Each structure stands twice: as C-alpha cells, then as structure tokens.
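Number of protein chains: 4
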Amino acid sequence: MPSSQSRARYAYLGPAGTFTEAALRQVASPEEAQYLPQAGVVAALEAVRSGDADFAVVPIENSVEGGVSATLDTLAGGESLALLREMLVPVSFVLAGRPGTRLEDVRRVATHPHAWAQCRRWTARELPEAVHVPATSTAAAGALLAEGTTQFEAALVSPLTADLYGLETIAEHVADTESAVTRFVLVGRPGRLPEPTGADKTTLVVHLPSNKAGALLEMLEQFAVRGVNLSRIESRPIGDSIGRYSFSIDAEGHIAEERVAEALMGLHRMCPFVKFLGSYPRLDGTPPEIWEGASDEAFREARAWVTSLVPPPTGT
Amino acid sequence: MPSSQSRARYAYLGPAGTFTEAALRQVASPEEAQYLPQAGVVAALEAVRSGDADFAVVPIENSVEGGVSATLDTLAGGESLALLREMLVPVSFVLAGRPGTRLEDVRRVATHPHAWAQCRRWTARELPEAVHVPATSTAAAGALLAEGTTQFEAALVSPLTADLYGLETIAEHVADTESAVTRFVLVGRPGRLPEPTGADKTTLVVHLPSNKAGALLEMLEQFAVRGVNLSRIESRPIGDSIGRYSFSIDAEGHIAEERVAEALMGLHRMCPFVKFLGSYPRLDGTPPEIWEGASDEAFREARAWVTSLVPPPTGT
Amino acid sequence: MPSSQSRARYAYLGPAGTFTEAALRQVASPEEAQYLPQAGVVAALEAVRSGDADFAVVPIENSVEGGVSATLDTLAGGESLALLREMLVPVSFVLAGRPGTRLEDVRRVATHPHAWAQCRRWTARELPEAVHVPATSTAAAGALLAEGTTQFEAALVSPLTADLYGLETIAEHVADTESAVTRFVLVGRPGRLPEPTGADKTTLVVHLPSNKAGALLEMLEQFAVRGVNLSRIESRPIGDSIGRYSFSIDAEGHIAEERVAEALMGLHRMCPFVKFLGSYPRLDGTPPEIWEGASDEAFREARAWVTSLVPPPTGT
Amino acid sequence: MPSSQSRARYAYLGPAGTFTEAALRQVASPEEAQYLPQAGVVAALEAVRSGDADFAVVPIENSVEGGVSATLDTLAGGESLALLREMLVPVSFVLAGRPGTRLEDVRRVATHPHAWAQCRRWTARELPEAVHVPATSTAAAGALLAEGTTQFEAALVSPLTADLYGLETIAEHVADTESAVTRFVLVGRPGRLPEPTGADKTTLVVHLPSNKAGALLEMLEQFAVRGVNLSRIESRPIGDSIGRYSFSIDAEGHIAEERVAEALMGLHRMCPFVKFLGSYPRLDGTPPEIWEGASDEAFREARAWVTSLVPPPTGT
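Residue numbers (the working numbering), protein chains in the order written: chain A, 4 to 319; chain B, 4 to 319; chain C, 4 to 319; chain D, 4 to 319.
Note that these hints are calculated values from the structure, not bench results.
As the structure is a prediction and not an experimental result, all values here were calculated from the model.
A few of these clues could be false.
Note that identical chains are pooled: a pair holds if it fits in a single copy or bridges any two copies.
[Claimed, not checked] Using 20 Å as the maximum straight-line C-alpha spacing, the simulated SDA-like pairs for lysine to any residue come out as follows:
no.	residue 1	residue 2
1	278	133
2	278	309
3	278	30
4	278	33
5	278	223
6	278	134
7	278	12
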C-alpha cells in the first residue's frame, strides 16, 4: 500500500456503501487512494477547489431523474473544475429492514429523495400507505436503520449497503426501471486535459442571449453546422428570474478536434456565458459518426484552401 | 360559508403553512373551499384522477431549481389532467428554532431538499458545519421542530410556518436569491378548457423521435415556422435509457389559436409522444408579440386562398 | 379528322420544326388539334389569356441554360394561367448549311441565343473565328438559310429542321452536353386542376419579404417543416431594384395533398407575393419519398387530435 | 497619353457605344487604356485567360433579367479569374431609326434579346405588330441600322449609341422599368486581391452536394451561423441533368474577414465544388450590419479562449 502521503485523495458522497463509492472504486481501490467521504456533492466538489482533495467523484446524471442539480450548479458556478472521466453504476434497490421486519410492518421508509422517486411505482403498489422519510443518502438511511433508534421500519438501499450494515432484505428489485443507471464523473482541478481517444465527450454550460425560441435554435445550429452531435442537453433556470435558462450539454467529441473547437468558438461569440467543463473519454468507447466534411482533415484542407486565396499583405 | 357538500375540494401539498397552501389561497379561501392536504405532489394529483378531489394545486417550476420533477412526471404519465390556471408565490425563508435557540447552537437543520438547495450559499457561509436533515416539506420541518422531540435544532421555513407553529426566527432572508418565486398550477380533470384571453400559455410534454441534435432542432422549428414562442423548455430523461429525453414546454398562446393548433399538429405528426396539458391565462396578462403572418386572420385568409385554388371534385 | 371548329387550338413558338413543336406533338397530333405558331413565348401565352388559343406549349426550363425567363416572367405577371402537364424534349443540334457548304466556309452561324450557348464549346473549338447571328428560333434560322439570301453560311438547328428545310448536315452532335433536355409545359386558363396522381409537381412564384439571407432560409423551412421537397428552385430579380428576388419553384406533390396545401398557406402568410401556377403529373411518374408524418393520413389524424382537445364553444 | 506599350489592355463587349463601354469608362478613359472590343462576353474573358488582355469588363447582373448566364458560366468554369471591382450603369433605351422614320413605319425592331425583354411592355403596347430582330448587342443593332441596308426600320439602343451613329430618336424612355441598372465587373487574373475596405462583397460559385431542399438550407446556414448576409443568390442548372443546381452568390464582406473566411471553409467542407471569384469593394460603400459576435475581434477572442483551454501537448 502506498503511504498516505503519496496516495491521491478522493472526495465523494459518503458514507461507505453509497452508489458514489461504487463509482469511486472503478477509479481507484481503497488501497491505492485515500477515500474522503463528504456530507454532500457540494462539499465533495469544494474539497477539490480548496485543495483538501485531489479529485472528487460525484453523480452527474441519472437515467430516471435526469441531471443532478447540485452537481450541475456547483460545476457551473465558482472556480473552474475539470471533468476527467465518466463512470456508470447500475441502480438497484432493495427494501431492507432490521432482522425480522415483514413487509406488512412497514409504515415509514427512509431513503434519499431520488431513490424514493425511482421506486415510486413499486411503493405505490406494495406499500400504498407508507410515508417517505427523506435521508441524505441511501447509505445514510441504511446506517441509521442499523443503529436501531429510528422512527422508520425500512429503507430503500443498494444491496451493498444492506450487506454492509447487516440489514435483512424484505423485497428485491424494487426500482421501477430495471435498466436504470447513474452516471458519475471524476473531477479535478483544470489544467490537465485528457488526450483525445477518438471517442470522447465534451461537457459545457451555456446561457442563451435571450429567452426566445429562436435563441435555442441558433445555439443548436452552432453544433449542427459543424457536424457535432449532442448526447445530452438539459435546461435549468438561471435563477435570476423565471424564463432564463442555462443549458448543460454533452457534445460528442474532444475540444482538440477541429469541429468541436469551432463550435465552441461559435458559442463563445453568440452566448453571454459558456463554461467548458472538460473533454474526456466516453465510457462506452463508441466513436461518433462523423461525416466526411467534419473530420479534422477536412477542416485543415478547408483552412489551407482559404489561406491560399488570401495573399499575404504586401510589405510583410 | 357554503356547505361542505357544495364546496369544491382542493388537494395540495400540506400540512398547513406550506408555500403550496399560499398558492391555493390565491384560488379559493378556506371558507369557500375544502382544503385537502396531501403527503406529496403525486398524492395530490392522484386525488383528482381518483375523484377524491375536484382540483389539485401543485408546484410546477421554481425559479432556482427548475421544474418540479414529481409534478412534471405525474402529469406526463397516466390519465390526462388539465392545467387550468397558474399562480406565483415568492420564495422567502427564515431560519427558525424553538424559543431561545441561538445561531451558534445550530448543528442540524431540517427542511425540504429544494429549500436547502435554495439557501445553500447562506448556510455554507453562516453554518458551515451544519448538517441537512431532509424533511417532506418545509412546513413539516417546522411542525416537527415545534413538537420538540427532534434531533435538529432549527428549520428553514417560510415566515408563515414559523408564525403558525410558534417558532422563533433566528435569521431572516436566508434564501440565496431574493427574487426567487415558485410557479404553481391549478389542475383539474380534462374536458374544461379555459377560454382564450389573448394572453395565454399552453403546456405540453413532447418526446423526440430520436436523440440526435437534429431532432430537437426540427421540433423547435415546428414552433418557429408558425411564429409561436416558447416561454419555458426543459428536458428530462425519458427513463428507459440514458440519452432519450422528454421535453416539458410552455408555448405562448392558446390551442384555440390557429398558430398554436397548427404547431401542435406538426408535433403530433413528427413526435412519437405529445401530451397536451392545457391552455390557460398567463398570470402576468402579457400578450405575446405575434407577427402579422401568424395571426388568426392571416391563417384564415391563407386557408381561404388555398381552398379557392382547389376546385371541389366534379360530381359533388 | 375533327372539324376545325371542334379541334382545340394550341399556340406555340413556331415556325414548323422548332423543339416546341416536338413538345406539342407529344400532347396532340396535327390531325387532332389546330397548331397556331407564334412569334415568341410571350405571344403564345397571351393568346391563351386573350382566348385566341385554348392552350399554349412553351419551354420552361433547359437543363443547360436554366429557366426560360420570358416564360417564367409572363407566367408570374398578369392574368393567371394554369400549368396542366409537362413534356421533355431532348436537345440535339447539327450544324447545317445549304448543299455544298464545307466547315471551312463557315464564318457566320445563325441560331437562337440559347442554342448558341449550348454549343459554345464546340464552336469555340471547331469554328473559333465564327460570329453568332442571333435568330428568333433555331427553326427560323434554318428557314432563312434555306431561302438563300442570308448573310450567314450555316445554322445550328435540330435534325428535324435540317430535314424540313432541305439543308445539308455539316457536323452532327455539336451540343456541348449530349444529355441536354428542355422541359416544356402545357398551359391553359385556370379553373381546371389536374387530378392528383400520387406523383405530381406544384409550380409556384414566390417573392421574399426581404433580401436578407434569413428570409430565404425561412421560406425554405415552410416546405421542410411539412416534409415537402423541391425539385427546382430558381431566383430571378424582381426588377424594381438590384437585390430583391423572385423565386420560381417546383415542389414535389399536389396542392390537393395536405402537406403541400399547408406549406402554401405558410408561404401565403409570410411572403408578400405567392402565385400558384398549377399542380400536374410528373412526366417520370416517380412518387416523392414522403416520410410517415407527412402523409395525408398523418395530417388528418393530427387535426382530429387537436380538434378533440378543443371542446366546441358552449352555446353552439 | 501613355504609350500603347504601357497602357493596360481592357477587353469588353463592343462595338463602341455599348453599355459595357460605359462601364469601362468608369474604370479607365480611352486615353489611359487600350480598349479591345470583343464579339462577346466569353471572348472578353478568354482574352484575359490567354494574356491577350490585362482586364475584362463584362456585365454580371441585370436588375430586370438577372444574372448574365454567359458571364456566370465562363467565370464558373475553366481557369480562375478574379473579380476586382464592380460598376453600375443605368439602363436606358430609345427607339432609334434612320432620319425621317416614324413610329408607324416600324415593323421590325433590332436589338439584343436582353434589351428586347426589358422593353417588352412598351413594344407590346406601342408596336404590337412589330417583330424582334435579334442582334449581338444594342450597339451592333445601331451600327447596322446606320449602314442603311438592313431589313429592319428601327433599333432599341442606348441614347449614347443613337448619338454615336447619327440615328434619330423615335421614342424615348421605352424601357419598362425606369430604374433598371446593369452591374458590371472588372475581371483580372488571380493573385491580386483588393484590400478590405469594410464594405466589400465576395462572389462565389457553389454546387450543392444533393438536390434535396435540405441541402440548400444547410448551405445557407453556413453563412447564417457566422453572421454573413447574402446580397445576391441565383441558381443555375449545372447542366449534367435537370435537377442539379449551381448557385452564384454575392456575400457581404471580404475573405480577409474572419466570418467570411470561416463560412467559406464551411462551404468547402460540405459542397463538392466551391469557386472563389473575388472579394472587392461594394460600389455603394455601405458597410454590412455585423452583429457584435461576428466581428473579427469576436473571432479572435473566441479562438484565444479555446486555445487557452487546450494545453500544448506535453513534451513540446
């Protein structure tokens, strides 16, 4: 095991057993790295900004609930941070209780509000009378339940959490969508840009110049005209008044690729606010479909052609 | 006071003192109507579907956090419901405690996760060590605090809630954004369409045929080409896999207006799923800017012109 | 042979032997119809307007030279006329002279300016010193040459004209483009609209509201958003000042089809001038590729859906 | 007067008295330059290609008839030529005859077909029986008439031509459009690019990758997304088969400006054929309206921003 001094420090949403920890394990084992559990996503990201951690692992998108607003907002505001890598964790829930608890005993169920939302149909059907007790994380709900002094009888937690805290599984596969996954990102300080791999993603925050429908159309055309596809686009209110939106975008490609760089230049020219959060490899390794005219070579040829038409100024 | 029999029944997110109740009071006073507090937004909407309530009042959008996902998802799925009216409630929070509590005593703060998010900066500055205890509503946090047996020392609640439960205000104006507002809607069963007023809003849920950037562009052009502006557009994952999105849209205008009706026809033809949630008056009464060619009269003239060019089939 | 009284009268660009006569023969033989040769395209079209002819046959587009401006302008202005059918005639030229003429004798060549343009490369190569003598038609050039008193030694004419006037072929296949064709149209008075066949064409004249690039984009989107393809688009200056353009357009489909009708309505609403010149069968019988959402059935379903959402006004 | 050796040689459509000569006089007086009259536009342009002339002056666009196809086609094909300057000449026609000719004597009128087209309405009204005798230029028609042996009684010519050949004016102001103008260009060999003035024009020939309506939309978006307006766009068939079009375009701006250069790069990437014909000052000196984000400075800032995000590869 490397010494504590030399091991990289990873801030993440704890306690032990969270889905976030499962994502962190994909990056570095507890033997290789220092795990620094935090009370929330904001704290994890701020730990990187303050230098208390080298990296943070945070959820950015859930296939059921959408963008994780605390993550998106914290990345969008404040000092720049850089996304370095993405990780996917399948979402799987069990209803767990202290040993001996039966389904018919359950009247209050603790869990994180996102987890509650993802099991909404199951609970409505099997526990129509049950009340939701919000917890800061599914793992925290499990930990409290294990302590034995809570006002709730059961918790919706990951199978890992149930094991970790010695809880008994009352019901399995309780998530409404079996294929649900959460996407996590590894976040560091800016200045290190992962090398292009040919199958990359670029994450951006963009504010529109106005709230007209036309402004969104024009923003999308900045991508379309350069042959850049988007794999995610989400709007969030800017927060100053109802009607102005910030867009969180994943574009297919790497900023070191010409078509992406030119699209970013276009956004920079037309939009009052564009924040580059990083270019990093796609987890699935699928290269984007790029039409011939959007390849780096096509851009270089086009630039060479225009340059050949403009003689250098006389006298220089 | 009308008899309980004849008074309309309104389901809403309770208990007494929530922001939702403040919105409901804009629609009907407790004397005129039966107030039916519910445990959540889903329960309030389902009460209308089941016939247990005539109407529901639910939050649909917050100027800081964006769309309320439970409301949007419940409206998008299941039996149709109709939006009939919108209401705005300013968001204002105080940090409240039992009498005698001082700021330096506070280590745990109960409130709804959305409220916690809206006071993020204030708590990070004034209570950097404090832990968030999630509650089902701000009013519920206040009620629990008043009971006196909680494991938290303070709650972020509305001034109304603090009053209602006899709590003492520790700090005022703790919301990060002073101008924050929440938009609520009055929801009923379909079949009653508010009359067009000239300043209306139409709310839709639309799924795109594919997750290409081009598909979103084409969907927006269905509005643009008919001169219909959008006052809100929000994406949410459909939930079947990462990458497919559902759009929640407010368009300016009423379905009884030609340009809106034709845009809806266009969406219906191109998109696999379009749900009409209602046309209803804008609270601010501001009529949209409609260019000449998008007026009802322009549509009628254009239709008359085309009809004049196509002689009726011979033999009729 | 029908009596002169009952036979339909066809005005066309004469004299005998023109390509236009070849197009007319595709419509009606000289036995079935009265052929009324005219001095020009304008005269042929005006003969229909005045009632002196029932129909006119005129060239509308040449695969080398583009739109025939006299035809397009005469159709665009003045009393409405209706396009009823299209005919294609292959363009083939020979260099013809009086018997005994050799290529080296030729210093002046008579022909219509369009024919001269279509043989530009051949004459530049084989007769670099030859001067063009403009004629009103290729057939007229041939006829004058046969008279024997002209100041030119040869004419570029169709093989038919060479035969008809007893000229000798000096060189064959002199057109620069072997596959060149001219498209002709049969024109009548409005009020008779050919039935839709499933493979039709709609011809329009459209003026843009402004000379901004954006105006052309918006006009094209009126077609694109309804799934209507264009098979021809040509700009011509409106003539009032440099910079304003009129567009001559062939759209795929028939005005009796929903997607075409709605696109025409859109043009009527946004453009200061739209003239419908006719919907008629495509000569090649190729049905357009229509995506599912642009079929008549998709339009009817979409209309029925919108109608179902708008309850009829109370009291009616 | 400079010696013939040192005087620049200008090829143009002769003979003396043509509108083209009037345009040439705006560039260089007969004292300063050698005037080389040619039989046609093609010959004038080829004289520059062959080195027989230094420059050519040719008509490129007429406010009534549109693009001059011989000019556009000759510029589009073959060895590159460069547009250096534009000139406008008002179009004004008189009906001229030999001394003593009266309007009622006129049965045949000689003139260039474009001139005939521009006086179409006047001749139809005043000389409904008159036949058009095509001439190679209006000046040639005047010259032939002055010779006295022609088979026509009158010619439509410029007032200058009537004077030059001693003809008598039978009727003045016979052009249908009083404000008609013809635009001429000064053409040289490539390699000399006029300096940007802030009010320039860039002329291009572009072929579309397909004949779908969408292809034209995409081509226009290459301009729109960079904030480049078009002052002229004209389609002409490519000539290989009906349905494929070449576009002749005047864009506002100079290739040395960033937004124009990037738009040209975009065209080069998407289109099978793009020919740059020149960037040169607008005659009217009107600078284009450029929105803030399309200025050269905005492009430079955007490029600097993107560059700052991409650290140089390690090891360099």
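When no copy is named, should residue 278 and residue 309 be tagged within, between, both, or neither for a Cα gap of at most 20 Å?
-> between (30 Å within a copy, 11 Å between copies)
Is it within, between, both, or neither for residue 278 and residue 33, if the alpha carbons may be no more than 20 Å apart?
-> Classified as neither; 33 Å inside a copy, 48 Å across copies.
Pop the pair residue 278 and residue 133 into one bin, within, between, both or neither, using alpha-carbon distances up to 20 Å.
-> neither (43 Å within a copy, 30 Å between copies)
Is it within, between, both, or neither for residue 278 and residue 134, if the alpha carbons may be no more than 20 Å apart?
-> neither (41 Å within a copy, 30 Å between copies)
Evaluate residue 278 and residue 223 at a C-alpha cut-off of 20 Å and name the case that applies: within, between, both or neither.
-> within (16 Å within a copy, 24 Å between copies)
State whether the alpha carbon distance between residue 278 and residue 12 is at most 20 Å within one copy, between copies, both, or neither.
-> This pair counts as neither: shortest intra-copy Cα distance 26 Å, inter-copy 48 Å.
Under a CA distance limit of 20 Å, which applies to residue 278 and residue 30: within one copy, between copies, both, or neither?
-> For residue 278 and residue 30, neither the intra-copy (25 Å) nor the inter-copy (42 Å) Cα distance is at most 20 Å.
Figure legend: structure checked against the earlier numbered hints; hints not met, in rising order: 1, 3, 4, 6 and 7.
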